[in-house]
Amino acid sequence: MKNVIVYVEQKKGATRKVTFEMLSEARKIADALGGRAVAVVLGSGAAQVAEQIKGYPVDAIQLVEDPAVEQFLLDPIVHYVELAAKNVGPSLILIPNTLSGRDLAGRLLARLNAGVAADVTEIVVTNGRVECVSPKLGGALVTHCVLRAGDYGIATIRPGAFTAAPGGSGAQIERHDVSNATYALAIERDVEEGSGEMALEEAPVVIAGGRGMGGAEPFTSMLKPLADAFGGAVGASRAAADAGWVSYSLQIGQTGKTVSPPLYIAVGISGAIQHKVGMRASGTIVAINKDASAPIAEFADLTVVGDAFAIVPELTKLVTAAKQ
Amino acid sequence: MKIVVTVKLVPDPNGVKNIDPATKRLVRAGVETVINPYDEYALEAALQLKERVGGDSTVTVFCMSPESLKESLRKALAMGADGAVMLSDAALEGSDVWASAHAMSLALKRIGFDLLVVGGLTDDGSTGAVPGALAEFLGVPCLTNVRKIDIADGKVRVERETDGGYQEVTGALPMLVTTALTIGEPRYPSLKGIMGAKKKPIEMLSVADIGAGDAVGAAASKTELLSFAPPPARGAGKIVTPEDPAAGAATILAFLQEKKLV
Ligand SMILES: Cc1cc2nc3c(=O)[nH]c(=O)nc-3n(C[C@H](O)[C@H](O)[C@H](O)COP(=O)(O)OP(=O)(O)OC[C@H]3O[C@@H](n4cnc5c(N)ncnc54)[C@H](O)[C@@H]3O)c2cc1C
Ligand SMILES: Nc1ncnc2c1ncn2[C@@H]1O[C@H](COP(=O)(O)O)[C@@H](O)[C@H]1O
Numbered sequence: 001m002k003n004v005i006v007y008v009e010q011k012k013g014a015t016r017k018v019t020f021e022m023l024s025e026a027r028k029i030a031d032a033l034g035g036r037a038v039a040v041v042l043g044s045g046a047a048q049v050a051e052q053i054k055g056y057p058v059d060a061i062q063l064v065e066d067p068a069v070e071q072f073l074l075d076p077i078v079h080y081v082e083l084a085a086k087n088v089g090p091s092l093i094l095i096p097n098t099l100s101g102r103d104l105a106g107r108l109l110a111r112l113n114a115g116v117a118a119d120v121t122e123i124v125v126t127n128g129r130v131e132c133v134s135p136k137l138g139g140a141l142v143t144h145c146v147l148r149a150g151d152y153g154i155a156t157i158r159p160g161a162f163t164a165a166p167g168g169s170g171a172q173i174e175r176h177d178v179s180n181a182t183y184a185l186a187i188e189r190d191v192e193e194g195s196g197e198m199a200l201e202e203a204p205v206v207i208a209g210g211r212g213m214g215g216a217e218p219f220t221s222m223l224k225p226l227a228d229a230f231g232g233a234v235g236a237s238r239a240a241a242d243a244g245w246v247s248y249s250l251q252i253g254q255t256g257k258t259v260s261p262p263l264y265i266a267v268g269i270s271g272a273i274q275h276k277v278g279m280r281a282s283g284t285i286v287a288i289n290k291d292a293s294a295p296i297a298e299f300a301d302l303t304v305v306g307d308a309f310a311i312v313p314e315l316t317k318l319v320t321a322a323k324q
Numbered sequence: 001m002k003i004v005v006t007v008k009l010v011p012d013p014n015g016v017k018n019i020d021p022a023t024k025r026l027v028r029a030g031v032e033t034v035i036n037p038y039d040e041y042a043l044e045a046a047l048q049l050k051e052r053v054g055g056d057s058t059v060t061v062f063c064m065s066p067e068s069l070k071e072s073l074r075k076a077l078a079m080g081a082d083g084a085v086m087l088s089d090a091a092l093e094g095s096d097v098w099a100s101a102h103a104m105s106l107a108l109k110r111i112g113f114d115l116l117v118v119g120g121l122t123d124d125g126s127t128g129a130v131p132g133a134l135a136e137f138l139g140v141p142c143l144t145n146v147r148k149i150d151i152a153d154g155k156v157r158v159e160r161e162t163d164g165g166y167q168e169v170t171g172a173l174p175m176l177v178t179t180a181l182t183i184g185e186p187r188y189p190s191l192k193g194i195m196g197a198k199k200k201p202i203e204m205l206s207v208a209d210i211g212a213g214d215a216v217g218a219a220a221s222k223t224e225l226l227s228f229a230p231p232p233a234r235g236a237g238k239i240v241t242p243e244d245p246a247a248g249a250a251t252i253l254a255f256l257q258e259k260k261l262v
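For the protein sequence lines, the chains are E and H, in the order given. Each residue of the first sequence is one higher than the one before, starting from 1 at the first, in this note's numbering. Each residue of the second sequence is one higher than the one before, starting from 1 at the first, in this note's numbering.
Some hints could be false.
Not everything, but these chain E residues come out facing chain H in the computed CB check (under 10 Å) [said to hold, decoys possible]: (1) P166; (2) V205; (3) M222; (4) K317; (5) L318.
Below, a list of computed lysine-lysine pairs in the DSSO-like style, where the Cα atoms sit at most 30 Å apart [to be verified]: (6) K323(E) / K259(H); (7) K198(H) / K317(E); (8) K17(E) / K50(H); (9) K290(E) / K323(E); (10) K259(H) / K317(E); (11) K50(H) / K323(E); (12) K290(E) / K109(H); (13) K148(H) / K11(E); (14) K155(H) / K109(H); (15) K86(E) / K109(H); (16) K192(H) / K317(E); (17) K290(E) / K238(H); (18) K198(H) / K2(H); (19) K224(E) / K260(H); (20) K28(E) / K2(E); (21) K238(H) / K323(E); (22) K148(H) / K50(H); (23) K224(E) / K238(H); (24) K86(E) / K224(E); (25) K155(H) / K11(E); (26) K86(E) / K17(E); (27) K192(H) / K2(H).
Please keep in mind that the hints were generated in silico from the structure rather than gathered at the bench. Ideal Cβ placement from N, Cα and C applies to all residues, glycine included.
Construct the entire structure; sequences and hints are all you get.
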């Protein structure tokens, strides 16, 4: 394990913030290991993304503009990242810890006989040894795990854990040929619902609503204005998504998104462990809840006990006024 | 159709979790062992498919875990699985994701399946990397995060959730799918199911049975757990019960201004 490969997730020429965070961290790790840092961007739109990431301190950006990446399920991505790994040589592969990132990590770990550290928030290299830090068991424990010396290692990276820092002399863009491999799983329909993840994971403030909202309407009439006042985004608990009040793309938690904004306001959310794991790392947590004994009060920095329907509109007014 | 469902036994997610400093493993004593919640959804999906496809379809549950936890698997049989196979061996202790998925794949090859239904995530380890690794080791297509499955003429048509919506994909058996929680709430075992479960077979497999050789356990693992510790504590939070809603809102604003968040 000497080099570092960053898998860049992209859709239609757009990528997420975690890409920039990984590219910045990759440089530090590659320097500590004495190797190269290489980004891999795949699919139509890859060239556009390569332009956006050029200002980050990696040595090379490998680019394969193969439309099969959008047409087939994951297999082309697994194929190309495996090729890149073989081409770059023994390396640590950084993959965002997202739904498809986890799938990719599992597939590659078998193909490359690699170890995997999941949901990594810190990487320490000492004398060529790669140590990954991950919160486990809903954040109740933090583990330090070593990727044993071997050809390849994989770390899935928690969005928001590393700091993006542009710099360096600019990466070389290398175009690679489209492979003639064939893939079995054609995507017949690909439906986007709402603006989804990007906004939520990257928002500086998240206003999340739960079962206490009682319906879909308060999400748009009450939570959205508060989010707008902060310049933030609206999220939800699973209970709210299950009830059909909001789309699942807004769900935060173990089976939804992991967010860590500087400010998280939980409105009518009890704070179940599965919700907590998705937002615990937020800078400041404020809860508005009728019930002073709700579990969220145990880990929120401030819990205001009362009816959200009365408090939130007042708060929106105050925040709007304070911002002027 | 032979459906196999992977089920992991985990400490109750709502129970208190402690780690033994000597072994760096979860202390299981005093914490109830349950079926990993995600795997109950996988099992529910398998049982529904069996009911729909009919014929001589069967649902077999597969679990890798210490034999001492065997009885915790009865719930899966009570829910309606036809039988269970358990891979248990002291040599498996300390397996990481690579070593676990590798051993599991050898056992699953031996068991055989048309459709392998895997949970999305384990509540205790939460790597989510096992399904992808299993699919590779088994050489079958991998469709993850599935909320709807239809099977006809050996073709599997699924609807799968993505980060921002959903996709429709078709593939051929044999195949591995992982289930999203939206696949449907797991059923409760009926009284008849609970009684019947006592008589259903749980077949035991060892490392020798699957021919895994030395490629097992801590020695074959690609990662090594160094340490674990509770995260830095957050300062205790304040709980305020305001006189009226306006006072509540003002409390929040003052708090945020103090933290320079507004
Ligand atoms: C395998 C598994 C995975 C899961 N994954 C997730 C996940 O990813 N994300 C997630 O969120 N959950 C997840 N859950 C569900 C989780 O266990 C909880 O059921 C869920 O988070 C509860 O949502 P809630 O807090 O909105 O609802 P509730 O627990 O019902 O809480 C509602 C809260 O609102 C308060 N309230 C009601 N009315 C008002 C009002 N007018 N003003 C102020 N407060 C009010 C109540 O006091 C209560 O505390 C998962 C569960 C399982 C089993
Ligand atoms: N020891 C095990 N026995 C049976 N199934 C398992 C085991 N470990 C993982 N799995 C399956 O793999 C899924 C994902 O696990 P993980 O990748 O560890 O989060 C789980 O939901 C289970 O269905």
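The hints, checked one at a time:
1. Interface hint status for P166(E): violated, as the beta-carbon distance to the closest one in chain H is roughly 25 Å, over 10 Å.
2. The restraint placing V205(E) at the interface with chain H holds, with a minimum CB-CB distance near 8 Å, inside the 10 Å limit.
3. With 10 Å as the threshold, the beta carbon of M222(E) stays out of range of chain H, its nearest partner Cβ sitting at about 13 Å, so the hint is violated.
4. The criterion of a C-beta within 10 Å of any C-beta in chain H is met by K317(E), whose closest approach is roughly 8 Å, and the hint holds.
5. Interface hint status for L318(E): upheld, as the beta-carbon distance to the closest one in chain H is roughly 5 Å, under 10 Å.
6. With a C-alpha separation of about 15 Å, the suggested pair K323(E) and K259(H) falls inside the 30 Å cut-off, and the hint holds.
7. A hinted pair counts as satisfied when its Cα atoms are at most 30 Å apart, and K198(H) with K317(E) does not qualify at roughly 62 Å.
8. The straight-line distance between the Cα atoms of K17(E) and K50(H) is roughly 43 Å, outside the 30 Å bound, and the hint therefore fails.
9. For a cut-off of 30 Å, the pair hint linking K290(E) to K323(E) stands: about 27 Å separates their Cα positions.
10. Simply put, K259(H) and K317(E) have alpha-carbon atoms about 19 Å apart, close enough for the 30 Å limit, and the pair holds.
11. For the proposed pair K50(H) and K323(E), the alpha carbon gap of about 59 Å is over 30 Å, so the pair is violated.
12. Straight-line distance between C-alpha atoms of K290(E) and K109(H) comes to about 53 Å, which puts the hinted pair past the 30 Å bound.
13. For the suggested pair K148(H) and K11(E), the alpha carbons sit about 24 Å apart, so the restraint of at most 30 Å is met.
14. Taking the CA atoms of K155(H) and K109(H), the gap is about 21 Å. The hint holds against a cut of 30 Å.
15. A hinted pair counts as satisfied when its Cα atoms are at most 30 Å apart, and K86(E) with K109(H) qualifies at roughly 28 Å.
16. The straight-line distance between the Cα atoms of K192(H) and K317(E) is roughly 58 Å, outside the 30 Å bound, and the hint therefore fails.
17. Between K290(E) and K238(H) the alpha-carbon distance is near 15 Å, which keeps this suggested pair within the 30 Å criterion.
18. With a C-alpha separation of about 22 Å, the suggested pair K198(H) and K2(H) falls inside the 30 Å cut-off, and the hint holds.
19. Between the alpha carbons of K224(E) and K260(H) the distance comes to roughly 22 Å, so the proposed pair stays at or under 30 Å and holds.
20. Taking the CA atoms of K28(E) and K2(E), the gap is about 12 Å. The hint holds against a cut of 30 Å.
21. Between K238(H) and K323(E) the alpha-carbon distance is near 25 Å, which keeps this suggested pair within the 30 Å criterion.
22. For the hint linking K148(H) to K50(H), the alpha-carbon distance of about 14 Å falls within 30 Å, and the restraint holds.
23. Note on K224(E) and K238(H): the hinted pairing holds, with a Cα-Cα distance of about 26 Å set against a maximum of 30 Å.
24. Straight-line distance between C-alpha atoms of K86(E) and K224(E) comes to about 47 Å, which puts the hinted pair past the 30 Å bound.
25. For the hint pairing K155(H) with K11(E), the CA-to-CA distance comes to about 28 Å; that is within 30 Å, so the pair holds.
26. As the CA atoms of K86(E) and K17(E) are separated by approximately 27 Å, the hinted pair is consistent with the 30 Å bound.
27. With a C-alpha separation of about 23 Å, the suggested pairing of K192(H) with K2(H) holds against the 30 Å cut-off.
Of the numbered hints stated above, those contradicted by the structure are hints 1, 3, 7, 8, 11, 12, 16, 24, listed in ascending order.
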